[in-house]
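Guided by the hints, dock chains H and R with the ligands onto chain V, whose structure is given.
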Amino acid sequence: MTKLLQVDGLYKSFGGVEAVKGVSFDLEEGELLAMIGPNGAGKSTCFNVINGQLTPDRGSVKILGQDTTGMKPHNICALGVGRTFQVTATFPSMTVLENVQMVFLSARGRLSTVHRTVSRLFVEQAMDLLRVVGVESQWARPCGILAYGDLKRVELAMALANRPRLLLMDEPTAGMGIKERLTLMKLIGKIASERAIGVLFTEHDMDVVFAHADRIIVLNHGVLIAQGSPAEVRDNHEVRRIYLGSYAR
Amino acid sequence: MGPFIVQFLTGLSNASALFLVAAGLSLIFGVSRVVNMAHGSFYMVGAYVAYFAISWLPKGGFWFWGGILIAAVVVGLLGTVVEVLLLRRIYRAPELFMLMATFAVLLVIQDLALWVFGAEDLLGPRAPGLDGSIQILGALMPEYDIALILIAPLVLVGLWFLLNRTRWGVLVRAATEDREMLAALGVNQKRLFTGVFFLGSFLAGLGGAVQLPKGGADLLMDLNVIAAAFVVVVVGGMGSIPGAFLAALILGELTSFGVLFIPQSTLVMMFFVMAVVLVIRPYGLLGKPEGVEHTVSELAQWPLRKASRKLRVTGAVLAAVLLAFPLFAGSFQLILIGEIAMFALACMSLFFITGPGGMVSFGHAAFFGGGAYAAALFVHHVNTPMELALLLAPTCMALLALVIGWFCVRLSGVYLAMLTLAFAQICWAVVCQWGRFTGGDDGVLGIWPSPWAGNEVIFYYLAIIISGGGILALRYLLFTPFGYAMRACRDSRLRAAAIGIHVRRRQWYSFAVAGMFAGLAGGIYVFSKGSVFPYEMSIPRSFDILLSVLLGGIHSLSGPVVGSAAFIGLEDLISRVHFWRLILGSIFILLVVCFPQGIAGYFSARFAKEPGDQEAGSERSG
Amino acid sequence: MRVVRIVMICFAMNFIAAALAVPLSFAGGAITVGEINTYSKLTNFTIPYRNGWRLAVEEINNSGGIGGKKLEVISRDDAGKPGNAVKIAEELVRRDKVALLMGSFFSHVGLALTDFAKRNRVFYLAAEPLSDALVWAKGNRYTFRLRPSTYMQAAMLAEEAAKNPARRWATIAPNYAYGKDAVKSFVRILKAKRPDVQFVAAQWPALFKIDAGSEIQALAKADPQAVYNVTFSGDLAKFVREGKLRGFFKGRFMVSLLTGEPEYLDPLRGEAPEGWLVTGYPWYDIKTRAHTRFLEAYRKKYNDYPRMGSVVGYNMVLAVASMLNRAGDTNTDRMVRAMEGLTFPSPFGPITFRKIDHQSTMGTFVGYTTLKNGKGVMRDWRYADGREYLPGDAEVRSLRPRD
Ligand SMILES: Nc1ncnc2c1ncn2[C@@H]1O[C@H](COP(=O)(O)OP(=O)(O)O)[C@@H](O)[C@H]1O
Ligand SMILES: [Mg+2]
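Protein chains in written order, with numbering that gives the first Met the number 0: chain V, 0 to 248; chain H, 0 to 621; chain R, 0 to 402.
FYI, nobody ran anything at the bench for these hints, they're computed from the structure. Watch out, some of these pointers could steer you wrong.
Claimed, not checked - Calculated cross-link-like contacts (lysine to aspartate or glutamate; reagent style EDC-like; alpha-carbon spacing at most 20 Å):
1) R:K40 with H:D110
2) R:K96 with H:D571
3) H:K58 with R:E270
4) R:K96 with H:E455
5) R:K249 with H:E119
6) R:K249 with H:E455
7) R:K40 with H:E119
8) V:K2 with V:E17
9) R:K243 with H:E455
10) R:K354 with R:D392
11) R:K243 with H:E142
So here's chain V without its partners, still in its complex pose (with noise of 0.2 Å):
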């Protein structure tokens, strides 16, 4: 059976500075994986790689078993791969609507359509969505001047409305209330269980990664230090030590 996703020997520097060394894990359908580690380990580098925004040094990328090496981000978002950005990326010119919309003629190559305008396209299917994420009262308002929670949601939105089987979500929780990022998360494993999404995320705080993933990753400096399920890396000493220390009380 072919992985989801295959992350193979990784390496990515930037000018002196080595982001990424050697990172290699994987990812099933329906999984949730975390990827964890401090400021600067290395994850978003990761993210980029995976989704064509950056051209590994070496190593090599599978997704469904293709190898993505070096191909371009839309062309990976072609092949099922959502995505959501630690800092938020929408389309600030567009209302919440417009934006998800977008991502559907996007995926059903519509964007060279030039005899009817977008207020009459997927507005249903974009609708559903927000409301699956729950920002459809917002559907009207430009996210130029939308609050950054929502923000989010509109972005988990986007990243869904192509029908990924993965998803990749650079800190989906941030900026958000504890209370905010337990549903959102929760919301995200539901979804995930039902569509059969895998999904790679990070995240800063360990109560929400420990109840939610069902896998987790430890990233420290760029290197891989340890993965397993989270009773796992809950007891693993180099973690405990390096990683989880500026945590525990």
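Okay, now just chains H and R with the ligands, sitting in the frame of chain V:
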């Protein structure tokens, strides 16, 4: 051997002169992101002031160089005044408005210089002690050229010390690399910018003054030097002083030897080199990529709104008035309105990629003039009927835009703009040089409408319908997935790519669409004028279009129409008075200071008081 | 609201300025003519030119006008843009109802107006544009041209240049139509007169952007015995200075178009080249009655000496006035017929507009440059009458499309 060495040294001295103008421009851009169109004017003022200072001061080498320094300082102060009185008010406005403001300064200085310095060309004084020549292997080389060759490296070293060894210089470099960080550090940005403007203008003045012994001062210097200065800055990498030096060296030598081996190359050599460099290195030789991935275009703050009911009514009334116009207007008014409409279509096509598309073009006249030429040449060579020519012109321009756009969409920001300029200049040079086919500078004459459209009222309707139709089509396009995809690429490349949009391809298609509609505008335009000349493809023409777009406002869909009307109307009004550039420049300055969002933008901001939610809501239910 | 008011005021100012600038064109019994030129550029030509035509208008109106009517000129600036020139022409003809059009400097603007004149059947007198095409390849029934064309001036120089023994020639000319035409004509005529000459180099600097040092080096490399120069204005100054410094002119025979005109020679001051064969305007030495009268009137009115442009402007209005006197009214066909073959007295002597190609026979002065009191002047000059430097009638007919 001697002649080659002298040719080489001549190239070096050209490089020196180029570097002196370009260094200041690069410095100013690097720190303040102002694309300073008035830089050439500062150069010209430097030459004039130095001329008068030197002839007023006692003779002698000391006083000669003293006069040059005085001129540089005077110009530095002039730049400071411009910065404090004008630019400082608008740093928050979109970058393009800075361009408009500095262009206005250029216009004002042109007329003021005529008024203050007089119309006659002035021959520069020779430098005392450096007025002879030396023998190099049998060939003569002017001593002053040797001095020039030494001045540029001196200035380079001086700048290097200033930027690397003083606190002020470190701040300037920090500002060049990261503006936000500088603001976070609590540095007084205002004073820093003013200082940089002084230094940049000082260098421009120095450049103008130092070239006196090689030429003189005349009123065309400003425009003649500004393009070259921009080329050097862009080839070197914007904001990079060593880059400017390297680029000046390369361009100086290439033009010098170009003259020797391909005498006709003089029209395009620089632009050709720029195109090649930018295609290979999108940020110039030593430039650093800007974090385009993460910077959100300032334009992204402006949502695109469907026409409100008020605007629709206004539009309908306007259309009705235009259609009924021939009933009560004189024939010249018809011609004027027709011209405004055609020009508005050209402006709309530029607005299409510049506003919602986020791609500024400095070379849009390539497509406008190109369309005019395409139509004219079909008529001239193969007797194509007007109707067919009006189809072929946009088709040809869409193809041309596909070719040019393929290279341009790989770039962004000022680099993209300068690459469009380079291509436009290459097209222009081809039209100039290929006289047999294009008529060269003598243009193509006798391109009048088909007999059925020869009547001015009928032609008026034709122009209005084609232009109006084109404008509405482009407008409609902005609301279709095609336009949204383009806007998505402007808003956030990162997000666009992540949802599967092929960013470059969308931009490429948009560029072609813009080229096509500009070609249509040019096609109909040539039938209204009866003739076409290379001027229609030249840099000033591109700037006419760009300025009109800015005049109308880059944030408003009706901006191009308003801008075109204002521009053509003003141009017509003020061509009766002397010193019209002074008036036009002052109007631009007023507009920039009072309406940073353009005329139409200003009014639409006032009209659009109703909250966006409500409007959008009614749309969806409807 | 303050902002709105400022803009209103600024627009209002414009309208007022515009209103003031337009003379009262329909004042009783006046003949209104339209004049278009590139006033905002090339001021060293256009300002003396405007002085010239204003002087003529004043003189004509002071001596009773044309058939009792005053001559009035509406003057507009085309900014060097052919499209603008056509628009202004439309406005002058349709709204201001001018009787005819005249003026322009650039050849492309002149050609645009030529075509406009043809289509709209409007009388157009091109004053300055030198392009040969204006009266030949693109000539038409409604267009006349005052100044000796590129071809004529090149022919005048070639005739004199042929007397020089030099056989290896080089050319340098601005890289646009005027320069190319001037070189082509000169080469053709010189070769016809002197089959033994050969042209060993041709340099084409960009207009007003000459890289004089490199151009001089490139010319020197070809080592010609004689050089034909077409650069002018700022380009000329740079060319002369670099050439002197690089010892290029030593022992070489230099032939130079327009260089003797005060517009271009005077800015060179003490550095004016010596011994160059040029066309120009030695106003200081022309002692004919007609010219002296013009010179005195000009000096009196402007306290300045005339340039070539002044004469062009002055002659332009004289020609129009004589034509109007002869035509009797402002019907275009009658004006065209009156202009064909019209001879009028000018400071340069009588000038005729040829029927065959509508080119005037106005000539120019050919001579050698020299320094006098630290200023460049022409010596050994003679007036070359335009009529002697035009091709034969058969050739002209073949050059010109049939009306
Ligand atoms: N574009 C970049 N250029 C230079 N260095 C970078 C870039 N992106 C990330 N880095 C560096 O790589 C390291 C890893 O960063 P990142 O992947 O963002 O960490 P994390 O997401 O785990 O906080 C950091 O030291 C960061 O400074
Ligand atoms: Mg991160």
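Results of checking the hints against the structure:
1. R:K40 with H:D110: Between K40 of chain R and D110 of chain H the Cα gap is close to 10 Å, so the pair holds against 20 Å.
2. R:K96 with H:D571: holds, 17 Å
3. H:K58 with R:E270: Holds. K58 of chain H to E270 of chain R sits at ~18 Å (cutoff 20 Å).
4. R:K96 with H:E455: Roughly 17 Å between the alpha carbons, so the hint for K96 of chain R and E455 of chain H holds.
5. R:K249 with H:E119: violated, 29 Å
6. R:K249 with H:E455: violated, 61 Å
7. R:K40 with H:E119: holds, 12 Å
8. V:K2 with V:E17: violated, 28 Å
9. R:K243 with H:E455: Distance ~57 Å between K243 of chain R and E455 of chain H Cα, so the pair is violated.
10. R:K354 with R:D392: holds, 11 Å
11. R:K243 with H:E142: holds, 12 Å
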